[in-house]
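Participant: Spelled out from the first residue to the last, the chains are:
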Amino acid sequence: MWNDVRYGFRTLLRSPGFTAVAVIAIALGIGANTAVFTIVNSVLLRPLPFPEPERLFALSAVPENLPFASGPMLPDGLYLDFRKQDRLFEKLTAFNSGRVNMTGAGDAQSVMAAFVTADFFSVLRARPALGRTFLSEEDQTGRDSVVVLSDKLWRADFAGDPGAIGKSVRLDGVSHTIIGLMPAGFAFPAAVDMWVPRDVHIDGHNSTLMSVIGRLKPGVMPVQAVAELSVAVKRMPGKSSEDASKTPARLISLLEYLSGKAQRSLLIFLGAVGFVLLIGCANVANLMLARAAGRRQEMAVRAAMGASRWRLMRQLLTESTLVALAGGAAGLLLALWGVPALLAMAPEGTLPRVEQIGIDGWVLAFTLTVSLATGLGFGILPAIEATRRELRESLNLGGRAMTGRHDAVRSALVISEIALTLVLLTGAGLMLKSFLRLQTGATGFRAENVITMTVDLPDTVYRELPQINAFREQTLATLSRLPGVTAVSAVNWLPFGGFLTAGDFHLEDARPLPRGSTWVDKPCVSPGYFRAMGIRMVSGRDFSPRDNAQALGVVILSQSVARRLWPGQNPIGQRITGEDDPQPQDWLTIVGVVEDVKQMGMADKRGGAIYQPLAQITRTSWASHVAFVVRTASDPEVLAATMRAVVRDVDKDQPVQTVATMTQLIAFATAEQRFQTRLLGAFSLLALLLAAVGIYGVLAYSVAQRTHEIGIRMALGAEAGDVLRMVLHRTLALAATGIAIGAAAALATTRVLANFLFEVKPSDPATFVTVAALLAGVAVLASWIPAHRAAGVDPVEALRYE
Amino acid sequence: MIRLNNIEKFYEAGYGKTFVLRRITLDIQEGEFVTVMGPSGAGKSTLLSILGMLDGAWTGEFYFAEHPVHKLNTKQRVEINKKYIGFVFQSYHLIDNLTVYENLDIPLSYRNIKSAERAGMVADVLDRFHIVGKKDLYPNQLSGGQQQLVAVARAVIANPKLILADEPTGNLHSSQGKEIMELFKKLNEGGTTIIQVTHSETNARYGNRIINLADGWLVKEAHS
Numbered sequence: 000m001w002n003d004v005r006y007g008f009r010t011l012l013r014s015p016g017f018t019a020v021a022v023i024a025i026a027l028g029i030g031a032n033t034a035v036f037t038i039v040n041s042v043l044l045r046p047l048p049f050p051e052p053e054r055l056f057a058l059s060a061v062p063e064n065l066p067f068a069s070g071p072m073l074p075d076g077l078y079l080d081f082r083k084q085d086r087l088f089e090k091l092t093a094f095n096s097g098r099v100n101m102t103g104a105g106d107a108q109s110v111m112a113a114f115v116t117a118d119f120f121s122v123l124r125a126r127p128a129l130g131r132t133f134l135s136e137e138d139q140t141g142r143d144s145v146v147v148l149s150d151k152l153w154r155a156d157f158a159g160d161p162g163a164i165g166k167s168v169r170l171d172g173v174s175h176t177i178i179g180l181m182p183a184g185f186a187f188p189a190a191v192d193m194w195v196p197r198d199v200h201i202d203g204h205n206s207t208l209m210s211v212i213g214r215l216k217p218g219v220m221p222v223q224a225v226a227e228l229s230v231a232v233k234r235m236p237g238k239s240s241e242d243a244s245k246t247p248a249r250l251i252s253l254l255e256y257l258s259g260k261a262q263r264s265l266l267i268f269l270g271a272v273g274f275v276l277l278i279g280c281a282n283v284a285n286l287m288l289a290r291a292a293g294r295r296q297e298m299a300v301r302a303a304m305g306a307s308r309w310r311l312m313r314q315l316l317t318e319s320t321l322v323a324l325a326g327g328a329a330g331l332l333l334a335l336w337g338v339p340a341l342l343a344m345a346p347e348g349t350l351p352r353v354e355q356i357g358i359d360g361w362v363l364a365f366t367l368t369v370s371l372a373t374g375l376g377f378g379i380l381p382a383i384e385a386t387r388r389e390l391r392e393s394l395n396l397g398g399r400a401m402t403g404r405h406d407a408v409r410s411a412l413v414i415s416e417i418a419l420t421l422v423l424l425t426g427a428g429l430m431l432k433s434f435l436r437l438q439t440g441a442t443g444f445r446a447e448n449v450i451t452m453t454v455d456l457p458d459t460v461y462r463e464l465p466q467i468n469a470f471r472e473q474t475l476a477t478l479s480r481l482p483g484v485t486a487v488s489a490v491n492w493l494p495f496g497g498f499l500t501a502g503d504f505h506l507e508d509a510r511p512l513p514r515g516s517t518w519v520d521k522p523c524v525s526p527g528y529f530r531a532m533g534i535r536m537v538s539g540r541d542f543s544p545r546d547n548a549q550a551l552g553v554v555i556l557s558q559s560v561a562r563r564l565w566p567g568q569n570p571i572g573q574r575i576t577g578e579d580d581p582q583p584q585d586w587l588t589i590v591g592v593v594e595d596v597k598q599m600g601m602a603d604k605r606g607g608a609i610y611q612p613l614a615q616i617t618r619t620s621w622a623s624h625v626a627f628v629v630r631t632a633s634d635p636e637v638l639a640a641t642m643r644a645v646v647r648d649v650d651k652d653q654p655v656q657t658v659a660t661m662t663q664l665i666a667f668a669t670a671e672q673r674f675q676t677r678l679l680g681a682f683s684l685l686a687l688l689l690a691a692v693g694i695y696g697v698l699a700y701s702v703a704q705r706t707h708e709i710g711i712r713m714a715l716g717a718e719a720g721d722v723l724r725m726v727l728h729r730t731l732a733l734a735a736t737g738i739a740i741g742a743a744a745a746l747a748t749t750r751v752l753a754n755f756l757f758e759v760k761p762s763d764p765a766t767f768v769t770v771a772a773l774l775a776g777v778a779v780l781a782s783w784i785p786a787h788r789a790a791g792v793d794p795v796e797a798l799r800y801e
Numbered sequence: 000m001i002r003l004n005n006i007e008k009f010y011e012a013g014y015g016k017t018f019v020l021r022r023i024t025l026d027i028q029e030g031e032f033v034t035v036m037g038p039s040g041a042g043k044s045t046l047l048s049i050l051g052m053l054d055g056a057w058t059g060e061f062y063f064a065e066h067p068v069h070k071l072n073t074k075q076r077v078e079i080n081k082k083y084i085g086f087v088f089q090s091y092h093l094i095d096n097l098t099v100y101e102n103l104d105i106p107l108s109y110r111n112i113k114s115a116e117r118a119g120m121v122a123d124v125l126d127r128f129h130i131v132g133k134k135d136l137y138p139n140q141l142s143g144g145q146q147q148l149v150a151v152a153r154a155v156i157a158n159p160k161l162i163l164a165d166e167p168t169g170n171l172h173s174s175q176g177k178e179i180m181e182l183f184k185k186l187n188e189g190g191t192t193i194i195q196v197t198h199s200e201t202n203a204r205y206g207n208r209i210i211n212l213a214d215g216w217l218v219k220e221a222h223s
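Chains H and C, in that order, are what the protein sequence lines are. Under numbering that gives the first Met the number 0, the first sequence has 328 at position 329, and the numbering climbs by one with no breaks. Under numbering that gives the first Met the number 0, the second sequence has 175 at position 176, and the numbering climbs by one with no breaks.
Take the hints with a grain of salt, since some may be wrong.
[Unchecked claim] One-sided and incomplete, this derived list gives chain H residues near chain C with beta-carbon spacing under 8 Å: (1) R9; (2) Q296; (3) V300; (4) A303.
[Stated by the list, open to error] Taking CB as the label site, the calculated pair distances span: (5) N111/C with D359/H: 53 to 61 Å; (6) Q75/C with G360/H: 46 to 54 Å; (7) E60/C with S14/H: 43 to 51 Å; (8) N111/C with K260/H: 54 to 62 Å; (9) E200/C with H707/H: 52 to 60 Å; (10) L371/H with T24/C: 32 to 40 Å; (11) T24/C with L731/H: 51 to 59 Å; (12) N2/H with Q75/C: 44 to 52 Å; (13) Q75/C with W1/H: 22 to 30 Å.
Because the hints were derived from the structure by calculation, they are not lab data. For glycine and all other residues, C-beta sits at the position ideal for the given N, C-alpha and C.
Construct the complete structure from the given sequences, taking the supplied hints into account.
Facilitator: Spelled out as structure tokens, the structure:
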């Protein structure tokens with residue numbers, strides 16, 4: 000065995016060109032696989048960094064017919080009821096997160112806080128790095144003025160000073176004492192800067208959905224907890240048995256809860272780089288086949304000296320394994336660079352557990368296993384071919400050994416490369432088409448030259464509507480006087496902002512309406528909003544300053560709602576209400592119809608909107624989050640700093656949450672698709688390059704082997720064009736076969752992309768045809784040099800060639 | 000040592016057969032030095048390949064040291080090759096990326112001989128053939144005669160009872176060829192059975208028996 004290793008090294012070092020090409024091809028494939036597996040391992044496979052993480056579960060009982068998408072959550076009432084039982088769970092904790100205004104540690108800023116019950120850290124068994132976490136009563140009102148900071152916030156705002164423990168900060172105007180610091184790397188829920196204790200209180204009018212996790216007691220199976228939760232769902236007040244059956248109780252492991260959303264796309268990427276590696280292997284297998292052809296005499300001599308076929312194969316497999324291990328080592332180095340590059344490309348929030356992503360022992364084991372498997376994979380076929388026992392012919396032929404069977408095997412490898420490349424390219428093409436549709440699709444508004452500024456007014460400071468309205472109007476007035484501003488307005492939740500207000504409505508004529516058709520977005524806007532956002536007024540009028548709290552209630556419908564409720568008619572003057580038991584003052588008159596707007600992104604296909612004037616809103620929660628919309632004559636970004644200063648002048652303790660142009664918001668909303676498209680595109684281009692090299696290699700070798708034959712053909716009257724056609728015919732035959740097989744495979748596999756595509760079918764014919772044409776073109780290009788070399792053969796030299 | 004009875008080899012060609020060897024019946028005793036002669040295409044090299052267990056596609060009966068080769072599978076034939084036979088080729092067929100020492104070691108490494116013992120056997124043969132000084136050279140650093148000398152040394156290193164030589168001096172000039180033939184004669188005098196294929200009457204005279212083939216048939220035998 001050691002002799003085989005020694006001879007293998009020497010043989011490879013004697014062929015530096017072949018060895019370099021083979022190692023590079025394998026390194027690219029293994030490097031890409033290692034980089035993606037590093038992320039897959041850290042996000043999907045590695046246990047969570049909590050003691051006994053397999054006993055942590057998220058509880059879910061969400062009605063199936065919710066008009067909006069929801070992750071695993073429990074209604075607050077169900078959580079309070081279920082937490083009374085102590086048979087199954089050691090502890091349960093509920094939490095949600097949101098932005099708060101923090102002052103008292105430098106400039107006022109908007110930070111992300113997790114609002115958690117007191118048991119939160121003890122459920123996870125997470126210990127602080129400094130100080131302590133919450134005591135059991137500290138989530139009760141009056142005792143909840145404490146806060147635990149994240150390591151990131153502590154270092155950014157307190158310079159990592161341990162003396163921060165015991166200091167105070169103001170959150171939404173209320174003083175909180177810092178009692179503890181969590182260690183670096185603790186990030187649950189994701190991306191929060193601090194943890195604030197808050198118990199769950201029932202609001203008589205509304206039910207709130209909460210995230211709930213629990214630690215199962217030892218010996219308790221998840222299925223028992225699901226059964227118990229189902230019983231609790233049926234017990235919920237106002238829940239009929241039919242409703243209960245449509246509210247499935249579920250337990251989701253905390254690992255899946257954190258990383259489930261990313262699972263599909265990560266596995267697709269792993270599949271894509273697997274394809275790249277297979278293509279690289281096919282390339283190297285072809286190279287090794289060509290080499291093996293030249294070594295058949297050596298193999299025959301060794302066999303004549305008494306080597307069994309297994310000994311010969313072992314020698315060749317040792318060489319291929321050495322190439323693969325060298326490729327694996329180089330690939331690991333590539334991955335060391337590649338993983339941070341991938342993470343930098345990934346939009347924030349796309350990858351969970353980012354802080355835990357890194358190369359560990361499992362990744363090294365994966366790389367080693369893939370390297371060994373790769374060596375076997377691309378080495379076995381050449382080893383079998385090179386050791387076939389036609390000893391007499393090999394010994395007599397003296398080294399020329401390109402048999403017809405060898406050619407068929409090499410052709411099969413190239414066909415498989417083309418097929419695999421087509422699958423990858425088709426997937427990338429579909430993603431690209433989908434992404435372009437997302438980018439260029441109609442949003443319903445004109446995004447250019449619009450800049451937005453979002454503030455969250457805390458209810459501890461802005462307790463009453465007049466305060467909120469005064470802040471808003473003062474800010475709007477100042478913004479309208481800024482140079483270059485052509486229109487200003489405000490809305491509670493911006494389109495493409497990721498959030499909205501929504502609800503039901505009823506018609507004055509009490510017509511019964513189809514189930515689900517009365518759920519609409521309910522954005523609240525100030526006058527001039529549609530002009531500022533560039534939303535087309537279809538009929539009627541915009542809101543005016545006269546539409547205030549003293550005036551009759553008015554609304555503006557989006558076009559799809561108007562068509563749905565009054566098809567072919569003018570809805571202006573009709574009346575609707577959002578109240579279930581409306582009083583006379585609750586009826587709202589329709590004064591206008593505007594074009595539909597995609598509130599939640601380009602893929603938003605929901606049922607339209609009913610706009611209300613901010614000045615007529617009666618709930619502070621609907622007005623306290625406000626986004627100012629400013630349209631300018633030129634580049635809006637120059638106003639960003641000035642806009643922040645305007646808010647500071649109105650309220651120096653009120654931080655600005657974000658300032659972004661609408662174009663940036665749209666780009667941010669499509670950032671994940673952009674990332675997926677870029678990554679898949681990069682892998683596909685790599686595959687295309689490898690396939691092109693593979694095609695070139697096969698044809699160049701074939702031409703070299705057929706030099707004698709070409710010489711005879713030319714001596715018999717063939718011209719250069721005939722020879723060119725002969726080579727190109729072979730190229731197109733290879734390409735056509737590979738494309739046909741690849742197209743069939745792509746039809747089957749691109750279905751996994753269906754959830755990622757926007758207005759593009761996985762079997763989109765235009766994409767398939769374009770990719771096939773591209774591959775055929777690349778194949779012809781790759782064959783150009785060998786074809787011209789063949790056409791330039793000197794028949795006299797060729798006939799002397801032996 | 001060798002008993003052939005009605006050995007035939009053919010290739011299927013369209014609706015018929017192309018015979019390479021026809022009803023070869025032949026006995027060779029241990030210690031003989033046999034020369035196989037005949038025109039091009041007579042089947043000489045084919046016969047040698049069959050005798051050397053390199054070719055298993057033939058019909059008839061073939062006994063080698065009482066082993067019924069016609070009843071053995073490929074693996075069993077390889078074992079006989081390893082145990083009894085050494086091969087010398089016209090084109091030397093040394094392995095280019097191995098040194099002289101390593102080329103000599105190759106047959107021993109395929110016979111499960113421990114490395115210490117192999118080292119001794121290689122040293123012994125290097126000395127016997129007076130090529131100790133060349134042990135670290137590669138074949139492309141040797142002359143044709145030196146390469147064939149190494150090839151012969153490789154053929155005898157495992158102490159085979161039979162050496163098969165296919166045109167051993169075909170690529171050598173006369174003085175080198177003579178050197179090789181003298182070596183064969185010496186090996187034969189030491190008890191090794193030698194069967195050579197050659198066109199050369201001069202080389203044939205080193206043997207004690209000549210077999211003539213023509214068109215696959217054994218047409219003549221003569222003792223010298």
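Participant: What are the numbers of the hints that this structure violates, sorted from low to high?
Facilitator: 5, 9, 10 and 12
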